[in-house]
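Please assemble the complex out of the two chains, which come individually in their own frames, going by the hints.
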Amino acid sequence: MQIAQNPLVNKLRKKPRIGENLIQAVLLICGIISVLTTIGIVFELGKESLLFFTMPGVTLKGFLTGTSWQPAIGEFGILPLLTSTLITTFFAMLIALPLGLGAAIFLSEYASPKARKTLKPALEVLAGIPTVVYGYFALTVMTPFLRLLFGSDTVQIYNMLSAGLVMGIMILPLVSSMSEDALHAVPRSLREAAFGLGATRFETAVKVVVPAALSGIIAAFIIGISRAVGETMIVAIAAGSGSAFTFNPLNAAETMTGYIARISGGDVAYDTPEYNSIFAIGMFLFLITLALNLVSRRIAARFREVYE
Amino acid sequence: MTENKNQPIITVKDLSIFYKTFRAVKNVDLEIFENKITAIIGPSGCGKSTVLRSFNRMNDFIPGASIQGNILFHDKNIYDEDVDPVQVRRMIGMVFQKPNPFPKSIYENIAWGAKMNGFSGNMDDLVEKTLQDAALWDEVKDELNKNALSLSGGQQQRLCIARALAVKPEIILMDEPCSALDPIATLKIEDLMRELSHNYSIIIVTHNMQQAARASDMTAFFTMDEDRAGVMVEYGLTTQIFTNPKNKQTEDYITGRFG
Numbered sequence: 001m002q003i004a005q006n007p008l009v010n011k012l013r014k015k016p017r018i019g020e021n022l023i024q025a026v027l028l029i030c031g032i033i034s035v036l037t038t039i040g041i042v043f044e045l046g047k048e049s050l051l052f053f054t055m056p057g058v059t060l061k062g063f064l065t066g067t068s069w070q071p072a073i074g075e076f077g078i079l080p081l082l083t084s085t086l087i088t089t090f091f092a093m094l095i096a097l098p099l100g101l102g103a104a105i106f107l108s109e110y111a112s113p114k115a116r117k118t119l120k121p122a123l124e125v126l127a128g129i130p131t132v133v134y135g136y137f138a139l140t141v142m143t144p145f146l147r148l149l150f151g152s153d154t155v156q157i158y159n160m161l162s163a164g165l166v167m168g169i170m171i172l173p174l175v176s177s178m179s180e181d182a183l184h185a186v187p188r189s190l191r192e193a194a195f196g197l198g199a200t201r202f203e204t205a206v207k208v209v210v211p212a213a214l215s216g217i218i219a220a221f222i223i224g225i226s227r228a229v230g231e232t233m234i235v236a237i238a239a240g241s242g243s244a245f246t247f248n249p250l251n252a253a254e255t256m257t258g259y260i261a262r263i264s265g266g267d268v269a270y271d272t273p274e275y276n277s278i279f280a281i282g283m284f285l286f287l288i289t290l291a292l293n294l295v296s297r298r299i300a301a302r303f304r305e306v307y308e
Numbered sequence: 001m002t003e004n005k006n007q008p009i010i011t012v013k014d015l016s017i018f019y020k021t022f023r024a025v026k027n028v029d030l031e032i033f034e035n036k037i038t039a040i041i042g043p044s045g046c047g048k049s050t051v052l053r054s055f056n057r058m059n060d061f062i063p064g065a066s067i068q069g070n071i072l073f074h075d076k077n078i079y080d081e082d083v084d085p086v087q088v089r090r091m092i093g094m095v096f097q098k099p100n101p102f103p104k105s106i107y108e109n110i111a112w113g114a115k116m117n118g119f120s121g122n123m124d125d126l127v128e129k130t131l132q133d134a135a136l137w138d139e140v141k142d143e144l145n146k147n148a149l150s151l152s153g154g155q156q157q158r159l160c161i162a163r164a165l166a167v168k169p170e171i172i173l174m175d176e177p178c179s180a181l182d183p184i185a186t187l188k189i190e191d192l193m194r195e196l197s198h199n200y201s202i203i204i205v206t207h208n209m210q211q212a213a214r215a216s217d218m219t220a221f222f223t224m225d226e227d228r229a230g231v232m233v234e235y236g237l238t239t240q241i242f243t244n245p246k247n248k249q250t251e252d253y254i255t256g257r258f259g
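Residue numbers (my numbering), protein chains in the order written: chain A, 1 to 308; chain B, 1 to 259.
The set of hints was computed from the structure by calculation and includes no laboratory data. Possibly wrong hints are sitting among the right ones.
Unchecked claim - With a Cα cut of at most 30 Å, we get these calculated BS3-like pairs of lysine-lysine:
#, chain 1, residue 1, chain 2, residue 2
1, B, Lys20, A, Lys117
2, A, Lys207, B, Lys98
3, A, Lys207, B, Lys168
4, B, Lys104, A, Lys207
5, B, Lys141, A, Lys207
6, B, Lys146, B, Lys188
7, B, Lys115, B, Lys129
8, A, Lys120, B, Lys20
9, B, Lys36, B, Lys188
Unchecked claim - From the derived model, a few chain A residues whose C-beta atoms are all more than 12 Å from chain B:
#, residue
10, Ile41
11, Gly46
12, Leu79
13, Thr83
14, Ala127
15, Ile129
16, Arg227
17, Ala291
Built from N, CA and C at the ideal position, the CB exists for glycine as well.
With the rest of the complex left out, here is chain B (with noise of 0.2 Å):
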């Protein structure tokens, strides 16, 4: 694999994710790589959700969950005693699984975080590129004071991207984007989504096996061990997951013989 020889952005080390005293996840290394699009894969219920989440310490909001392990962002372990989860958040964001823009206009969805983090420059500026990196303003340009929720699924979905967008993180974190939309939508999205990867990192759960080949560059197998705990079974690169699995899982997963 070449993209060894890049650093990763992000390492997990030995990661295991509880709710309360049930264990989600268990014992998940893996490296996310700069500039590309990695999928995570795998059954309902694997965890796949739960590990993307942890990577932004959005379980953090969750009474009763916690973690072992490391989650290393730039060398740096985001669960250790020093580290503002709200910093990590702004560097990290996130896109979820049904759009939730905010009750308010379509200006104000990007500029509400922009303004939030300290953006001190051209507000219109701002939200002009952020909507054209989100392939959405040609569609809103002339209407960006009416209220974001009259928009379609598939255009509150990429007002959402362009609002993650407005916070300048690194990654971006991308929880089924698709889930709640048309097929027409969802290839919108998977073509924004590698036009993106050239600025960003991409991490995007999804149930979609087809949205895995067609749109990302790695891919992560998760499934659900016997304890009900979600392993990771497979990661490389997505060519390889699903021309040529290593593991019997995997195999079994992507025909369709399971899952």
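Same shape as in the complex, but just chain A (with noise of 0.2 Å):
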């Protein structure tokens, strides 16, 4: 027996969403190609890397633990490189790291509202200026500063310290943007709980805020640093070129980074082993900011709404 349907019923029922579904597919989409392309990068990488090793008289081991890097006649040992590239990393973040906290902590916790809406953008302005200024900063104005100041017999006109400096202004934006998001995104109860027990604005900012906000800090700190490993025009540029295994930072030393750029400029022979060690040398970079990216994900998830 057929019983009369209310006819509210018909409201109900399903009705086609084809721009709903249109933009659904075009996501989709936009996320499938960012994957695939991480993918065909890695896969690239990976089977470049095994042509290296596959060479004669190429090991992993000695890749690993080697202390020179002489493609010409066939030591091919990373360590110079890397130490090259810790060390300019180093100095990156002796700058970036310190101020980059500092001028976050100021825009967040003292500046007024219209002093903050002055600083941040002329602050980003920094990370809109091109590698390649920098590196010329480097080499003609941070370089002869410090010629001039330890003397030019200890500088050497490539050095390390200049080229890591320099990267630790570049990477100074980056870091004060992203703390400052973290400081400012701890709720405003929280300061005035401290407040409201008689601290001053900098032990509120220093013991309550900034813990509360060290999982987002530590974040920016990271990618800071995977910045500085990765970045290859200033070092390319200022640092040297040429592998020396030296832990002088007034030293002329080519970074990981640096090597690749030269070598894959274009004078090289294809298909040969020096050729084929720069795709070794980017697996091993990609392994490195791979791994610090897994660690700062580690950091944020232990810290995570820590003050909710």
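See the structure below:
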């Protein structure tokens, strides 16, 4: 027996929403493209590195532990390139982390809304300067200054210190902007709690706001480090070409990225060990930044929602 | 009123509070007495929280906020040039609407303010004493190292009260301290306020009239004037305000005809 249906039931029926489905499809494609690109890059890096490691005279152990990188005579020890990368990164972080966090604390906890509105964009302009400009700034301003300071006998024309310091200036806005976002996200009620107990602005910032924002700040630091490890142009211009196994930051020493940039510039024959080695170095760099990213995720997850 | 024989601990004289050009509160005169619980009641937007926050200069953090008039604490205007607002807040503590413990352990929540104020005695004793004073000790004594955020809302609020006590203030300001709590937790806080009033002066803002009637000695009724500025309509003993209000507006409000 047919039961008469309330006409309102028709209103409940599913309607086709073509626009909605279309947008969903487009967004899916966007996601797939970025994932596929990453997979493609890693695949290519892996394939070419494999080519390098199967070449005669090349071993993984020698690559990881050798202290001499002289492709011309068949020596492929990555340590000189690695130490140079680490030294430039160290000096970059020496500038970018404390100054970046300091600037972030100032902007978030001290600056009036008006000062904030002017200072934040000014700082972010630094991030918009092309790295090649920073590279020549290192070579033509920072290096002469360092030579003046420490003497031109001790400071080489190309040196890791100059490149590292300028790299720090370049990364500063990234660190400060991300740290500031993290500080800004700390609820006002926590600051009021501290102020209400008679804390000064400084005590509130350092003992309450920064600890509460620590996960975001550490993530900013790690991204800053990744950026420094992967930075190419500044070190290629100012840190020197030709590897050297030295821990003296006033000396010239090529970094991993600097070597890749120079070799891929085209003056080396295709399918030589020298050429293939850049993929192995690229793979190594990729693993370093991947590890840093994983660490930063771990840290962010561990401290997340501490103040909720 | 017998209270007038006492020296007031806070005297508000012709207080107006501005947010930029907007006058949020106008021409308030008020005397707060020692070891009493003073309730400030009134409808939303009447500036009662604004007035409360002016007592320990918490409005300093709101850009554009300014005051006219005097707030005398022991006869000293706390807005004088030579007054350090940080010291004001150490002597006049505050408990906020939403419990806001630090994301640290219960122990550290108490110790933090005390350490900052240069407390040099036995910290364990202080933590135990203030938690007992805040009627929280028995519930947390075995888990002092637990994160304060794992406590219930009512426990968190009592922890915030304990934390304020550890700084040894004279006055405790409470800005709707029970608005985020359930009725049982609310009653606990009210009992606690009664205990604390033996040693502290308490000023509480509440939009809950029953709470004011139950828990306070003095009541100030605020409302919003036609120009949207908050004004104080009537101030007196709580029993008088609730049983025999002199002002028609007060009567309308407490009998529920308005607000």
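Do the hints match the structure? See the list:
no., hint, verdict
1, Lys20/B x Lys117/A, "holds, 19 Å"
2, Lys207/A x Lys98/B, "holds, 21 Å"
3, Lys207/A x Lys168/B, "holds, 20 Å"
4, Lys104/B x Lys207/A, "holds, 11 Å"
5, Lys141/B x Lys207/A, "holds, 25 Å"
6, Lys146/B x Lys188/B, "holds, 22 Å"
7, Lys115/B x Lys129/B, "holds, 15 Å"
8, Lys120/A x Lys20/B, "holds, 24 Å"
9, Lys36/B x Lys188/B, "holds, 18 Å"
10, Ile41, "holds, 40 Å"
11, Gly46, "holds, 43 Å"
12, Leu79, "holds, 42 Å"
13, Thr83, "holds, 40 Å"
14, Ala127, "holds, 27 Å"
15, Ile129, "holds, 32 Å"
16, Arg227, "holds, 29 Å"
17, Ala291, "holds, 28 Å"
The structure is consistent with each of the numbered hints, conforming to all of them.
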